[in-house]
Amino acid sequence: MLIREVMKTDLTIISPETKLNDAYALMLGRKIRHLPVVEDENLIGVVTDRDLRLATSKLSEQPFDPEIQVRKIMKYPVRTAHPSDPIELATRLMRELKIGCMPVLEESKLVGMVTTSDLLDALLLLTGVHQPSGRLDIRLPNRSGELARLASLLAGHKINIHSILTYPDNERNVRLVLRIDTIEIKFIAQEICNAGFQVIWPPHIACVK
Amino acid sequence: MCQIIYNPQYKKYNLGANHPFDHARVEMVIDLMKELGYLKEMIVPDIASIDEILTIHGNDYVSAVEDASLGKQVNDLEKFGLGTFDNPVVEGMAEGARYQTGGTILGAQILLENKAKKVLQLGGGFHHAHKNLAAGFCLYNDLAAAIKKMTGAGWHVAYLDIDVHHGDGVHEAFYSDENVMCISFHESGEYLFPGTGWIHELGKGMGRSLKLNVPLEPFTEGESYIEVLKGIAEPALKWFKPDAVVIQAGADAHFSDPLADLMLTTQDFEIIFKTIIQIVDEYCNGRALFTLGGGYSITAASRIWSILYMTLLGFDIPEKIPEEWRAKWEAKIGKKIPESFYDLLPAFEPIPRKDEINRHNKELIRRVMDAVAGDWI
Ligand SMILES: [Zn+2]
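Keeping their order, the protein sequence lines are chains R and H.
Residue numbering for the first sequence follows this note's numbering, beginning at 1 and increasing consecutively.
Residue numbering for the second sequence follows this note's numbering, beginning at 210 and increasing consecutively.
These aren't lab readings, by the way, just hints derived from the structure by calculation.
Glycine is no exception: its CB is placed at the ideal position from the N, C-alpha and C atoms.
There's no promise every hint is true.
Partner residues are not named here, just some residues of chain H that face chain R (Cβ under 7 angstroms, in silico) [unchecked claim]: (1) Thr-293; (2) Phe-294; (3) Asp-295; (4) Tyr-400; (5) Phe-402; (6) Thr-405; (7) Gly-440; (8) Pro-467; (9) Pro-555; (10) Ala-556; (11) Pro-559.
Quick list of in silico lysine-lysine cross-link-like pairs, DSSO-like style, CA-CA up to 27 angstroms [as the list claims (entries may be wrong)]: (12) Lys-571/H x Lys-413/H; (13) Lys-75/R x Lys-8/R; (14) Lys-8/R x Lys-413/H; (15) Lys-75/R x Lys-98/R; (16) Lys-158/R x Lys-483/H; (17) Lys-281/H x Lys-186/R; (18) Lys-220/H x Lys-186/R; (19) Lys-186/R x Lys-541/H; (20) Lys-158/R x Lys-281/H; (21) Lys-326/H x Lys-483/H.
Please take these sequences and the hints and turn them into a complete structure.
This is the structure:
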């Protein structure tokens, strides 16, 4: 999954001359927490609602006047993503830098923004249930052809695979969580088991050797 | 008084030999009640019209189902969930589905006209049928059509689903409807088809906090199930005070069911039915329409629905199932039928995680109630 598939493209942009209170009102009004700061079509900084609140807080040593320009408090330089970056790259970077958003640049032009919320949406898309389906959890030998063998077994029964999640299990195996469009999960688990795969869920499937 | 609804034409809803949706389940109930001298007059419903089906389903979907059922070539079958492993195309299936829907709609009509307070429709319960998608053996959502009939007459209706699977099609149909409360008790969608029915699915807009989902742990036993049923259904119906309740009485939460992992016995089902009737009598004007539903252990489903029948009509449950009757049906279905309506106890090996499961289920009561508390004012 690429950044271009999850980023927001209807952007709210501010100039460095924007006043802090105007930027804050903009965030509240549009229910957003990050504003890219653009000057002469170039991204020159980012300001977050946290930046604004900390800068103007009575608790800070030298509170800024809400009437000053965001130029004074914006963060720069800005770490950015590219539309064709895989989302895991952006996720890792955002976690490492402890930031909540990354502007997306293509040929130095701002084309989108990706925030932690977009990445959570992506997680939901990857793991969620989007159509009525049953769940199979299978331990698969980590070698070529095994997944194909499993998929063709399902296709043989006219069962469609809605989603597949995999993760490493141990050196020789991978775990596979499939969502497939049948209510008869136990029946198909039995078939899969008989074909020599290890079924983790549904439980208590006794294979015919 | 409980009115029974049945049409021999229901049999036309046949998804092929060896398909788990087996009409013999209902025939066994009727034949057994006859054997015991319990069989009452059954009203024969008309087939539901296409217009009645269109109150719930989309035009293109209904055309696809009807055409495929007549053996006509249909493009995009899979888009509608047809021609799949669960919903194969079988000639006459649309007609059968409309006969079954007609029965559930008639049930609604009988309640609306106050001709009976309780209705048992010996068919229907197709809760997985979506607006434009066939799923989980279901084509036309008879339950939604019957509920719509009642809300159309200005009634508030509660839908109670004890099938082991989430009643997703009915929830979807009324997700933002303020006149319908839906409560589904099912095995958690983390493990079981259709994968939905989570606590946070509470309804939308005006329907907010009127759709309740209770995802029980796999291997939940009767005691815990009934505790959660009482803990949620009773306060919910007491608060909503519907004019009538539609109950999808699927039997697939039985421990022997091949499709799921809940561990109810037939004894538990009797308590569940009695609990529901008691709540309906106390808070819902006594009006209830029961339908059948899932139940793929044929020897369990037929006994469970017989218990439902006898409970609704006030007959005592005999100690034994007549031997001649058993011999006759054992020969027909090729399976051993238990001697009693009740399961032999202990019915299964002790469940190792029992305490953990019960604790988790108990938490569900609090979590569901907390989720709706702000709106139930
Ligand atoms: Zn079911």
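Right, here's what the structure says about each hint:
1. Taken as an interface hint, Thr-293/H checks out: its beta carbon lies about 6 angstroms from the nearest beta carbon of chain R, inside 7 angstroms.
2. Hint status for Phe-294/H: holds, given a least beta-carbon distance of 5 angstroms to chain R, under 7 angstroms.
3. Interface hint status for Asp-295/H: upheld, as the beta-carbon distance to the closest one in chain R is roughly 5 angstroms, under 7 angstroms.
4. Hint status for Tyr-400/H: holds, given a least beta-carbon distance of 6 angstroms to chain R, under 7 angstroms.
5. With a least beta-carbon distance of about 4 angstroms to chain R, the hint placing Phe-402/H at the interface is held under the 7 angstroms criterion.
6. Given the 7 angstroms rule on beta carbons, the hint for Thr-405/H holds: about 6 angstroms separates it from the nearest Cβ of chain R.
7. Proximity of Gly-440/H to chain R is violated relative to the hint, the smallest CB-CB distance being about 26 angstroms (cut-off 7 angstroms).
8. The interface hint given for Pro-467/H holds, since its Cβ lies 6 angstroms from the closest Cβ of chain R, which is under the 7 angstroms cut-off.
9. Because the smallest distance between the Cβ of Pro-555/H and any Cβ of chain R comes to about 17 angstroms, over 7 angstroms, the interface hint for this residue is violated.
10. Annotation: Ala-556/H was flagged as interfacial toward chain R, and the flag is violated, the nearest CB pair being 15 angstroms apart, outside 7 angstroms.
11. For Pro-559/H, the interface hint is violated, the least distance from its beta-carbon to any beta-carbon of chain R being 14 angstroms, above 7 angstroms.
12. Between the alpha carbons of Lys-571/H and Lys-413/H the distance comes to roughly 26 angstroms, so the proposed pair stays at or under 27 angstroms and holds.
13. Between Lys-75/R and Lys-8/R, the direct Cα distance comes to roughly 20 angstroms. Compliance with the 27 angstroms bound is thereby established for this hinted pair.
14. Note on Lys-8/R and Lys-413/H: the hinted pairing holds, with a Cα-Cα distance of about 25 angstroms set against a maximum of 27 angstroms.
15. Our distance criterion of 27 angstroms between C-alpha atoms is met by Lys-75/R and Lys-98/R, whose separation comes to about 13 angstroms.
16. Between the alpha carbons of Lys-158/R and Lys-483/H the distance comes to roughly 41 angstroms, so the proposed pair goes past 27 angstroms and is violated.
17. At roughly 32 angstroms between alpha-carbon atoms, Lys-281/H and Lys-186/R are farther apart than 27 angstroms, so this suggested pair is violated.
18. About 26 angstroms separates the Cα atoms of Lys-220/H and Lys-186/R, which keeps this hinted pair within 27 angstroms; it holds.
19. A distance of roughly 25 angstroms separates the Cα atoms of Lys-186/R and Lys-541/H; the hinted pair therefore holds under the 27 angstroms criterion.
20. Distance restraint check for Lys-158/R and Lys-281/H: the Cα-Cα separation of roughly 20 angstroms lies within the 27 angstroms cut-off, and the hinted pair is therefore satisfied.
21. A threshold of 27 angstroms between alpha carbons decides the hint, and for Lys-326/H with Lys-483/H the separation of about 15 angstroms falls inside it, so the pair holds.
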